[in-house]
Structure formats: C-alpha cells, structure tokens
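**Q** Each chain is listed here by its residues.
Protein chains: 4
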Amino acid sequence: MAGNSFGQLFRFTTFGESHGPAIGCVIDGAPPRIPLAEEDIQVWLDQRKPGQSKYVTQRRESDRVRILSGVFEGQTTGTPIGLLIENEDTRSKDYDDIKDLFRPGHADYAYFMKYGIRDYRGGGRSSARETALRVAAGAVARKILGDGVRIRGAVIQIGPHHIDRGRWDWAQRGENPFWCPDADMVATWESYLGEIRKNGSSIGAMVEVVADGVPPGLGEPVYEKLDADIACALMGINAAKAVEIGAGIESVALTGEENADEMRMDGENPTFLSNNAGGILGGISTGQEVVARVAFKPTSSILVPRRTVTKDGKDTGIITKGRHDPCVGIRGVPVAEAMVACVLADHMLRNRAQCGP
Amino acid sequence: MAGNSFGQLFRFTTFGESHGPAIGCVIDGAPPRIPLAEEDIQVWLDQRKPGQSKYVTQRRESDRVRILSGVFEGQTTGTPIGLLIENEDTRSKDYDDIKDLFRPGHADYAYFMKYGIRDYRGGGRSSARETALRVAAGAVARKILGDGVRIRGAVIQIGPHHIDRGRWDWAQRGENPFWCPDADMVATWESYLGEIRKNGSSIGAMVEVVADGVPPGLGEPVYEKLDADIACALMGINAAKAVEIGAGIESVALTGEENADEMRMDGENPTFLSNNAGGILGGISTGQEVVARVAFKPTSSILVPRRTVTKDGKDTGIITKGRHDPCVGIRGVPVAEAMVACVLADHMLRNRAQCGP
Amino acid sequence: MAGNSFGQLFRFTTFGESHGPAIGCVIDGAPPRIPLAEEDIQVWLDQRKPGQSKYVTQRRESDRVRILSGVFEGQTTGTPIGLLIENEDTRSKDYDDIKDLFRPGHADYAYFMKYGIRDYRGGGRSSARETALRVAAGAVARKILGDGVRIRGAVIQIGPHHIDRGRWDWAQRGENPFWCPDADMVATWESYLGEIRKNGSSIGAMVEVVADGVPPGLGEPVYEKLDADIACALMGINAAKAVEIGAGIESVALTGEENADEMRMDGENPTFLSNNAGGILGGISTGQEVVARVAFKPTSSILVPRRTVTKDGKDTGIITKGRHDPCVGIRGVPVAEAMVACVLADHMLRNRAQCGP
Amino acid sequence: MAGNSFGQLFRFTTFGESHGPAIGCVIDGAPPRIPLAEEDIQVWLDQRKPGQSKYVTQRRESDRVRILSGVFEGQTTGTPIGLLIENEDTRSKDYDDIKDLFRPGHADYAYFMKYGIRDYRGGGRSSARETALRVAAGAVARKILGDGVRIRGAVIQIGPHHIDRGRWDWAQRGENPFWCPDADMVATWESYLGEIRKNGSSIGAMVEVVADGVPPGLGEPVYEKLDADIACALMGINAAKAVEIGAGIESVALTGEENADEMRMDGENPTFLSNNAGGILGGISTGQEVVARVAFKPTSSILVPRRTVTKDGKDTGIITKGRHDPCVGIRGVPVAEAMVACVLADHMLRNRAQCGP
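Protein chains in written order, with our numbering: chain W, 118 to 474; chain F, 118 to 474; chain U, 118 to 474; chain S, 118 to 474.
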C-alpha cells in the first residue's frame, strides 16, 4: 500500500537506499518445489551490473545476492524468499554538495515536499540501485513462467537514432554494449554516445520488450488488464516517461481496418495475420507475442551546469558530479524485462486461481 | 484482485454487462460529510453519453444514475456509495451474427480463451459501456479533490491531424463535438471524420489530460508511483494503446540539459522553468500541472469486411453492424479525465494517511 | 480497504443501509462456467429471513435477490456478479426517537465519533440487514467449493443453557426454530426465550460451524492463516464477541499430551485420533473437520429502559422500540456458515494459484 | 496475499526460517520524521527473548536487530524500514529425528500436504521464532501511536489456575517471570509449571491485552472492523486457539440490559458505566479501553511419547527433544501486545486517510 510492493499473487517487496548498508527484497507467493539457487538470480543481476562498459555508470558494485530464506535443499518451499545485496561502493561524500539543494529532474524536491526529510546520499530510495531487486524478482518470475515463456528486451532508439526493424536480429543484442538488435546501428550509437559522454551530458532511449510463449487468457477484464499492469510496471521504472503496447502511439493514425488484426485458421489453431494488438485484446493475452515499449528520459545527473534552488529558498546553480549513466535506458533493458516477467508470473498464478490449470 | 476494482483508499468496484439489466458501481473510502447528489454525478455522465453528435455511437441511453447508499441528508456518510444505471437500449439481436465468431480487434477471442464462455451481446463486460461507471466514480473523486484541483482533457490528434499547441484554448473545447482546444482544427476533423464514418471505417485519437492545482507530495516512491498509477489507469481504458507523462516519448531524443526542468524562486516559492516532467518527479507530484496523454486505437467494430474465424475453427468473414463510434477517442475524454481524478483522489487520501494533513 | 469488501481472490463488496432503497453486493473472482441461478442464492437467504418464528425479528422482508450481472445462459462468466435486494419494510419513523441520542451497546456513538454523521434509521450501515449479503455471497462460495465440502452451523448455547454434545444430531437442527442439534434442549430454550421476549429483554448465544470435506492445504503460513481468517470473518459479524477454533478456550487447561492430536494410518491414509486442532495446524487445513465457534452478545435493542446521553451532551434514558431479535445468535447461524464458506472458497482459489490443482 | 504480510497502511512483511541464516522484516507505511533507533526496537525484543527464566525455552539467541533502511539521521524517512536478525543458536541436528515424520499438534503434516516440501529444522517457517519480527514491527507501531496510547498484556490463566481480577496490579507483572498481574498467584504458577516442566509436558495459558488511550473512531464498519482485525491478529499467533473482545464468551449468558454499557455525561464528555464492549462498538473504537484476550494451547513439543505416522505412511511414536517452552503463552505476551499495536497503528492511519486528522 505504501508503494514498495509489486504484484498480487507473485508479489515482491523491496527495501533499501543507495548508500545504506544493504538493499533487499522479499518475494512472496512463489510456488513450492521450483529449483532455485543464488546463481539463477545472479546471472540476471550481472546483466544490470554497473561498470560493464564506458556507456554506463562506473560505480563498482559486485551486486552479489544472498538467499536468506524460502529455499530448502535447492527448492523453493512456498514461503517467502528473502534476498539481500550488500552495498559496497558508497562514496557518500560525493553527495555533500547536494544535500541542501534540489537537482533539476531528480526526485529530490518531490521527496522533500512529501516527507519533509530525505536521504540525499546517492538519491537514497529514489536511486536506480533499487532496480537490482526488480531484476532479482524477475529472475524468480522467469522460473515460475518456465522455459516456454521467453522475455527479451532491446534498445531500439537512442536520441534521434532509430534502429531499422528490418535488420532486427536477436542474436546481435548480446554482441554490443547497447542491447542493440541491429548490428548496423552499433557504430552510430558508439560515436553518438561517446560525444554525449564527453560533453558531460546524457540522452534518452527507447526499449522494447517482447515476450513469446505467453499462454492466452492472462489478464483481468477491466482494471487489472494485462496491458494496464504492464504499463504500470514499466512506467514505474526510474526515468520512464511513456509506455506503448503493440502499435502503441501509431494506432492514433490507423484506420479500423488497418489496425484490427485479422484471423485465419492455421491447421487446428486460430492465428492472427498481424500483431497491432501487441498480444493483448480486452486486457487479456491472446497467445501472440506480447510487445511493449518504454521510453526513458535522459538521466538528470549531468556535468552541464543547471539552475536550481536551495532548501532555504535561494537561487543557485548545480553540476552533478558522481558516476552516472550517460544513457540510463541501456541498463533499463534487464529491468524492463524483469518487470514484464513479474507481471506475467503474477497473472499466470491469478489465472490459475480463477480459471484452473 | 479479480480485476474489477480500482484504487486503494478511494476504491471503486464495478459490475455489469452491456446488455444485462443494469450496470453499477460501489465506491468505498469516500470521506464523510461531502455534499453529494445524483446531479453532481449526472453532469459528468452526460458528457460521456452516447448519441450527442454524429461522430459518436447512436445508441440511445439516458444513463440516469441512482445513488442507492452512502449518502444521507445530502452528505456522504463514509460508507459505500452504491450507484446503479439501468440499461435501456439493448438491441441484443444485433449481435446474433457474431455469437459464434471472433471480431478482429475485439476482446471476443481473448475472453473465450480465458473463460470458455462469453456474453457476446454488445461485448458483454468488455463493452465501453462500463466506462460510464468510471465517469461516475470520477465525479465523486472530484468532490474529494475539491475545487482547487481542476482536471481537463482534450483531443489533440485524430488520425494524422494534430492540433497546433500554440492555439490551445481551453474555452474552445466545449464549442465543438471533439473536445478540441484548437478552433482552427475543427473543420479539418469534421471533414476527415465525416469521410471515415461514410466509409464505415474508424480512426484513432490522442487525448491529453491536464490536472492543475495538484498539491506536491502525491504518489509513492517505488511501485505505486503517481505516474505508474496514471499509466495503469489510462492504459486500462478500452482501446488505449499508449500512455505518456510530460514530454513522454519525446524524452528519448532530449539531452539531459534539455530535459531537466530548471528551478528558480518566485518570491517565496520554488518554481520550475519548464514541465518536461509532467508534474511528477520520482513518482511524486511536484505541484506543477500533471500532464498525461493516452493514445486510443480505432474501434474495431467497422463495416469494412474483415477476415476472421469461428469458434468451431472455420475461416470466415465479418462486417460489424450496430451503432459504433467512428472515433472512440472522443468519448474517451471524460473517461480519461475521470480516471486521472480517481488516481489523484486515491493518492491524496494515501498521502494524508502517511504524511498527515 | 475502507472495509466493505471481504476476501482476496473470492472477494465480495457490499453496500447499502437498512432503510435505503436497496442493499447490494458485488462478487468478484468466481470461476467461470459454474451453474448459478437466483434460486441457488435465494434458498440460503430464506434461512436468514426475518419473521420466521416468534424468536426472531418481526420485520417483514421478502429478501428477493436479483442477479444483475456475471451470469450468462445459466452459468457464471468469470466477471463480477452483481446482486441487489430491495428494502421493503422500512418504517423509518420508528427511529425518530433515537436520532439525537446513542443507544447503549449500539454502533451509534462510535459511528458518530468516526464520521460526524450517521444514518440513524434502523442502524443504517451497522444494521444486521447487511448480513443478508454475506449469506448471498456464501451461497456462491458454496458453489465454488462444490458438493464435497459441507458447511453446517448450529446453536449450542443460549444464555446459560448448553446443549449436550452427546445428543448432537444434525438431522434435528432443521426441526426447531433454533438450529438446535439437541432435540432435548428445544423445550428448555422455548420457555427460556419466551420469558426473555416477554420481558422485552434479549440474550446471547453460541454458534458452532463445522465444515467437512475441506481438502488439506488451505490457508497461509503466517498472517493469513485459515484460522486467523475464520476468526476475522466470524468476529466481523454483528454482535460477535469471541471466536474459538477446535478446543478453543479449553486449550488453556490442557496439557501437551492431552491436546496434541495423535496420528495413525488408516489403510493408505493418515488419520487423527482426536480433533482439538479443529482441522487446522500451523494455519493450514489438515483434512479433518474444520470446527469454529462464535459467541454472540444479546442484541442491545431492548424494551428495558437504559441510561444514555444525547448528541448534545445531556443525560437521558432510552427504550428501544421496533422489531428486534430477542436472540440474534439464532439468525447468526446462516451468516456464520456463509462467512466460513467464503473464507474456504477464497483459500481454495489461493491454494490453487500457488500450489496448483 | 501469500500470507506473509500484515496490515494495510501500516504494513509489514516477514521472511525467514528458524534455522536459516537470518530472519527479517520490511515495515512499509510508517510516517516520516519519527525518531527511531535500533534500541527502540531492541527493548521490546528483549522481552520476548528466549532463555530468560526456566519457564521458557533455553535456546540462546541474542536477537540483535539491525535497521538496514528507512531511517536517516535518527528519523524515519517514510520509506520501508528493513530489519534483520541473524539466527545464532541453530542446532539443526536436534531435528534429524523428525525429518521423516509428523509431530502431533505441529504444522508438519499441514505444510507437507500443502507444499509437498518442508524445512523441518526447528519448524522452519512455522517456528515461533518468526514472532520476534512481529514484536519488532510492534515497536515501530507504538512509535506511530505515540505515548498517549499504552498497550499492556498479562497472563491471566495457566492451566486451571486463574488470577483473581480483584487483585490486578499492572505494577506486579514485571516482578515475576509470568507477566502475572496478581502477586498472590505467582507461587501457585511456579510450583504448577515446575511440575509440568519436570514431567516433560506443557500447558496452555490465557493472555489479556489492554490498550488505553485509543482515540474513538478507529476501525471500519463492516469487514475490517477493529475487533475483527484484532481477532485475526491474535488468532494468527502461533498456538492461539481463541480470541475474545470485552466480555467475550461470557456475553452468551448475559441479558441485553446486563450487557449494554450505559452512558452518562462526565462533565463535557460522554462516559460508559461499564465495558462489556471491550472498547469497540460496531467495529469502531469508542475511546474506552480496548480489551482482548487470546487463548494459547500448550506447545506440542513434549517429552511425553505420542503416536504418529511417517511420511512413508507407517505408524510410529515420537518424543520431541530440543529446547521448548513448557508454556508458550508466557512469551506470547509481548507478541500479543505487538499485534494489537500493529492493528491500532494501521487503523489510526486508515482513519486519518478517510476522516482527516
């Protein structure tokens, strides 16, 4: 209720600040007897880990996860899975400069207006560090979904540079530091982001997540629709500013006959001839690929001087030092994947509850 | 949990199908001693009512709402407010043709795959008729928010035709059948939509909702962020395919210094020099205008023949007769406003619970 | 959240006051394709209906329930089931005397202190009339549980008069106006309650509910234990003051060896040699009979004069006229049964979600 | 939802097993700017700590709590408070004997039937060790309630030996190892429990919790009544078998005129002349003392041999060695107090949300 839990039946609750002793997560509702080891989670955390290329933050965190409960002799027991990640590289002194002023574009001002107090070190609770726990929860969600459901994300736009969807090759996205599925775009992004970084600036990005193997029937009919829950999940990621499902914003300019995905039998099975719906009709999955996109704004922590005000109500200026992502959208890929995984796992359990196996 | 309730502290639950005897709504959590009469709700319902121009469905529903409980001597009592709207114009025979096949772009197939049964008459539960109840709940939400918070929506794009934001005039939107704030665009839309309608087709639209007077501090920090909840609320409206907050998708192409809204003191008060954030930072309102947009796809009920399949697994074709909206986005305006109002009222109560008055 | 909903996956929300136009209920989460007709609900409502003997209130309500949604061609559709019961016999004038004072033992004072307003007619929202909706929801819960689960309640004590458990015969409880399973006790209660009624007084009662056929595995391990949820469900019934599970209060005086139910194999199946646990261990059902008891206080609406105060802070006296139950515990039987049914149905769905079919 | 969280607005989620590396708790919804240090929590944990007298388990746990998040410069920040307690004295070998059989009266069988797997070491998740976290959450709840609300518990019966309520003296309960408010009863309990312990047996107990200073207006009217939530909270404590509010079970034998608490003005304020209601009418607090009782069964871990069965379906016998409480009700006192504190804090926030400050 106070906003630090996600999901209904597959539900996780996180705690921790960027510069506290540790961050952690409690995952409740995971079915029993699922094989689970720390390594199953670590492999996904390593994808989000900082310091892996020059295009992401240089903070050094090993992000080692420990399972504190809920697993016995290599299997989930059905009781809550407690996870803990120690904070290691917390240079709180970097933040002394900003403790009495509000960084433009950050949560500083909003937190202060709401709570009258804020842990300014590294952004405290509002730090993207919290998203490590989403990735951890997503790893467990994937276990619940099973191997039949595959959830993959990619960066499809950085600044003004879109990939060419015709060159989309999933195999490519692991071959570059951008999760880029279009090999021909990599060089452009390298030089563009290199320039952004050199200028002490930052830039936005668009991430697309595709889930295949999703069974039909997931989602609720009116207020907890699968697409609404995905929208909530993705918009809740730090720096997210827009979410699209299927044809998304382009739907505005489509006619009814262009938009509605026609159907034909393919042997025994109904199939769709297109996927403008993004795999969801009336809030419920159809069995097609679930396709969602999330737009990330540029990180607000930049070296370019900006105007701002102090807690005491004085005009001032700010340069945000520290070790920041020039393009947060890149590390947003594993986070966006994880959130989609969590939504799907939750709705899989919910559907099983109401409609049976 | 089964998806027919919305909100946490200000919470409403709806029931009813398009062609059943009635639809209804239970609003729980409204503070006591708020003056409330049926007319306070009716005035908003009338904005969404079908049959008001040739650009919306010609179904004839008076949409008269009755308050069954929760109001005593003209004031809310703090107990649940039960609302009922009788269905009047239910030509169920119109739907005999479609009871054994799936309309492309509709919820038919997804419902059938989930539940193994569906009330095909008028779309049953998936009908946009349910949104009347959202508007009713939104009317009560506005009462809770008080006169200081104003929530207004407008259509800003139909098909390829965008308004000119420089000509935005709120006073204009009541002067045309499109909720269009740009008087110069009205003629274009009239002729464009007239053509669409004549062709038995339909078209998408983009709606923008702006809430001013929202106090700072509303929203939760991690998973029930104000923007995430607005995204969920808007994406959950029938036919919605994308949601944006503030600069939205354009954030992707902004640099950090372009995007971060700078601050300056304006007398005693901090102010922002721009509003790319859309009034929300770190998931929490800042006191700026809250700005959200929702993209509606074209309605799938069109006279243009489409290919589809039957429940029995046979290829067939379909023309959807009946009385449908050529552009559902238009009647989406009061619904989108209502959903934003409900999210804000909920978070106002939540903030009061945790952070005091 | 605002307290007018019950359950998680099988969830119902009620609205309505004693003397408003109608009371109603929305049941969400019922599985699809369950045969359901109004008569399936009415049969249980008729058990709770007032005016059936001289030992209960003489208010005349036919309590006819209408299904407004969620059922199509005789089957549930998986969407919310809206139920409505019109109020008929609302003699609001009976209550003019009490509008400015607080009836001792009633909710009047508490409501007024909380909300600053109250619908005093017939107790408004606090009236036991609301329990009709619990019975209606319980009827649907029974459908979900299926014929294998049987939930039966009985009155086992009225005032000082306990039944003899050795004479317990379920067949007897339908043969008298008290739900009494001990035929030999009926005459005693008749004369005792007759006296109470003649004196314009009232008396408490103890109700026992037994559910057999409950599968093992229902309930959650720590905070939403099956016994905790039953306690919540039963204590939430109007006039309830205590809840016991299994040996209940007698456990206090038992030694460990007396209390712990021993086990032995019965062919292939483990069985218990006693049932002090009341069918629940560690918050989870074991497959034994689930046994719960709820103590009802005497109704506070009596003809005996009592001292009280007015809203304006003056001492006064009161006699509560109207048509009240001399022993509310009697009509509490179908309500207590219904609440246990709702808890079991909810946990059956929850268990299916997490642990599979 | 999966049952490891408690509360709505003041909400905590626990994780951890008796013999895992640690147990922990996440408290969400605490208001900001409340002074809070580890010592504020530790002082309550020390009351529940094992090994403090010969009448409780001899397990040696220092139960040192660490605050991992949510507190900054000595004050709560409004973000989740993460708490961790390391497990120290985990002699898992003690439990090898019982890994393949079900201890009568324990959760063993129920867990196995539900999950198909169980962490048998020390009872795993079902261990009363988890209640340390409830006490920790209760410590924070008390901070929220403030000094005006005082919550105190006492043991009022062990086995057949009741205290004399006429000798009740709160000052006495800290002077003996039983939380006994009747000094004259202490010697009786000492000799009685000494005998029980010598025999390797155990015995039940009744605990009473009294909260004074509770403001009127806490609680919801129908399903989340204050008394229903207290019943849920207390029945959810390990070994609880019954809960009473106010006159409780004795209400059954009271007449309406005996039961209904009369009112009189005391200067400006209405007062009640008795408190059979236990401070709650219609589910809402009246401002009187809130009085609740919880009956604890004897612990099932005893040295007396009992009959049971194995996982493989064979009859066998069992003696439960290890270090167990001869009367778990004693250490239940701080736990019961804590649960009542959590319910009150939750409803205080909820009431503030709906009805204002």
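Hint data in this document are derived by calculation from the structure and do not stem from the laboratory. It is possible that some hints are incorrect.
If several chains are the same, the list does not tell them apart, and a pair holds so long as it fits within one copy or across any two.
[To be verified] Quick list of in silico lysine-lysine cross-link-like pairs, DSS-like style, CA-CA up to 30 Å:
1) Lys166 - Lys431
2) Lys428 - Lys171
3) Lys438 - Lys260
4) Lys216 - Lys260
5) Lys260 - Lys431
6) Lys438 - Lys166
7) Lys260 - Lys428
8) Lys166 - Lys216
9) Lys166 - Lys428
10) Lys438 - Lys171
11) Lys260 - Lys315
12) Lys171 - Lys431
13) Lys216 - Lys315
Fair warning: this is a prediction, and the values are worked out from it, not measured in the lab.
**Q** Does each hint hold? Answer for all of them.
**A** Hint by hint, here is what the structure shows:
With identical chains, the CA atoms of Lys166 and Lys431 are never at most 30 Å apart, being 37 Å at best within one copy and 50 Å at best between copies. For a Cα distance limit of 30 Å, the shortest separation of Lys428 from Lys171 qualifies neither inside one copy, at 34 Å, nor across copies, at 54 Å. Taking CA atoms no more than 30 Å apart as the test, Lys438 paired with Lys260 passes in neither setting, with 39 Å inside one copy and 38 Å between copies. Taking identical chains as interchangeable, the C-alpha atoms of Lys216 and Lys260 lie at most 30 Å apart only when they sit on different chains, with a minimum of 27 Å there against 41 Å within one chain.
In the homo-oligomer, the alpha carbons of Lys260 and Lys431 never lie at most 30 Å apart, since the shortest distance is 52 Å inside one protomer and 35 Å across protomers. For the identical chains of this complex, Lys438 and Lys166 are intra-copy neighbours only, at 20 Å inside a copy versus 47 Å across copies, given an alpha-carbon limit of 30 Å. For the identical chains of this complex, Lys260 and Lys428 are inter-copy neighbours only, at 28 Å across copies versus 46 Å inside a copy, given an alpha-carbon limit of 30 Å. In this assembly of identical chains, the alpha carbons of Lys166 and Lys216 lie at most 30 Å apart only when taken from the same copy (26 Å versus 40 Å across copies).
Within a single copy, Lys166 and Lys428 get their C-alpha atoms no closer than 33 Å, and across copies no closer than 44 Å, so neither meets the 30 Å cut-off. For the identical chains of this complex, Lys438 and Lys171 are intra-copy neighbours only, at 16 Å inside a copy versus 58 Å across copies, given an alpha-carbon limit of 30 Å. Neither within a single protomer nor between protomers do Lys260 and Lys315 lie at most 30 Å apart by alpha-carbon distance, with minima of 41 Å and 50 Å respectively. When the C-alpha separation of Lys171 and Lys431 is checked against a cutoff of 30 Å, the pair qualifies neither within a copy, at 36 Å, nor between copies, at 55 Å.
For a Cα distance limit of 30 Å, the shortest separation of Lys216 from Lys315 inside one copy, 26 Å, qualifies, whereas the shortest one across copies, 62 Å, does not.
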